[in-house]
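Engineer: Next come the chains, spelled out residue by residue.
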Amino acid sequence: AQSVTQPDIHITVSEGASLELRCNYSYGATPYLFWYVQSPGQGLQLLLKYFSGDTLVQGIKGFEAEFKRSQSSFNLRKPSVHWSDAAEYFCAVAPNGGATNKLIFGTGTLLAVQP
Amino acid sequence: DAGVTQSPTHLIKTRGQQVTLRCSPKSGHDTVSWYQQALGQGPQFIFQYYEEEERQRGNFPDRFSGHQFPNYSSELNVNALLLGDSALYLCASSPGLAGGYNEQFFGPGTRLTVL
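Quick note, the sequences are listed as chains A and B, same order. Using my numbering, the letters of the first sequence map in sequence onto residues 43 to 157. Using my numbering, the letters of the second sequence map in sequence onto residues 97 to 211.
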């Protein structure tokens, strides 16, 4: 069965420091992968997605993610974190080749940013 | 554009009662999906509506039902509420079924508390 694992429940980084959030997936075929961010009182916002092609994907707000098939990973990175990046981040995979709206989410990583 | 809107924002019910949650999709979107997000968990797919029909369903009991109206808005109904139904219910909309390809836009959610 398809699944997504986010090993880190909480991460704290200092403002200006680099960030990497881990995501591992289990999926037989080429996965359709997503990163979403959720701020309190807000809906999920799409940061970036990977369908095929270049394994390094650029997203909004200065985020990027790298797809590594050999490691079944899709880690999210940002070179310099801002205080406004504090939020919960979810990795997700779309089964069925993305043919439907169903997404399978990980349990999320809560990011805290220290001044 | 108001984006995806949901009502009510918060709701408190008691066990055994029934509840109806409402969602208006983003302008131009005709497909609505519903997700349940329990505390500390990632969203879980409940079902998806397109052309007023349920097109795909996640692993949720029949107590969870829905409806889509001709104007593409949608309702989620939950009967015989259990304590475990307490969660944030998210609505997502997209243009067409292929939400894996087309970005899904999420609403802020309805927080349901079952006492």
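Do not rely on the hints blindly, as some may be mistaken.
Claimed, not checked - A short list of chain A residues far from chain B (calculated; beta carbon distances all over 10 Å):
1. 46
2. 84
3. 91
4. 142
What the hints assert, rightly or not - Examples of chain A residues lying across from chain B (beta carbon under 10 Å, computed):
5. 125
6. 134
7. 150
Unchecked claim - One-sided excerpt, in silico: chain B residues whose CB lies under 8 Å from chain A:
8. 103
9. 113
10. 135
11. 156
12. 159
13. 161
14. 182
15. 188
16. 190
17. 199
18. 203
19. 204
20. 205
21. 209
Keep in mind the hints are simulated off the structure, nothing from the lab. Don't be surprised by glycine CBs; every beta carbon is placed ideally from N, CA and C.
Engineer: Please go over all the hints and tell whether each is borne out by the structure.
Structural biologist: Hints and how they fare:
1. 46: violated, 8 Å
2. 84: Contrary to the label, residue 84 of chain A does not stay out of reach of chain B, its closest Cβ about 6 Å off (not over 10 Å).
3. 91: Residue 91 of chain A not clear of chain B: closest Cβ-Cβ about 8 Å, inside 10 Å.
4. 142: It is violated; residue 142 of chain A is separated from chain B by about 5 Å at its closest Cβ, not greater than 10 Å.
5. 125: Given a least distance of 22 Å, the restraint on residue 125 of chain A is violated.
6. 134: holds, 8 Å
7. 150: holds, 5 Å
8. 103: Check failed: Cβ of residue 103 of chain B comes no nearer than 14 Å to chain A, outside 8 Å.
9. 113: At about 25 Å, which exceeds the 8 Å cut-off, the nearest Cβ of chain A leaves the hint on residue 113 of chain B violated.
10. 135: Because about 11 Å separates residue 135 of chain B from the closest Cβ in chain A, which is outside the 8 Å limit, the hint is violated.
11. 156: violated, 12 Å
12. 159: Because about 20 Å separates residue 159 of chain B from the closest Cβ in chain A, which is outside the 8 Å limit, the hint is violated.
13. 161: violated, 17 Å
14. 182: violated, 17 Å
15. 188: holds, 7 Å
16. 190: Since the shortest Cβ distance to chain A is 6 Å, the answer is holds.
17. 199: At about 5 Å, which falls below the 8 Å cut-off, the nearest Cβ of chain A leaves the hint on residue 199 of chain B intact, so it holds.
18. 203: holds, 5 Å
19. 204: holds, 5 Å
20. 205: holds, 6 Å
21. 209: For residue 209 of chain B, the interface hint is violated, since the closest Cβ of chain A sits about 16 Å away, which is over 8 Å.
Violation of the numbered hints given earlier is confined to hints 1, 2, 3, 4, 5, 8, 9, 10, 11, 12, 13, 14 and 21; the remaining hints are satisfied by the structure.
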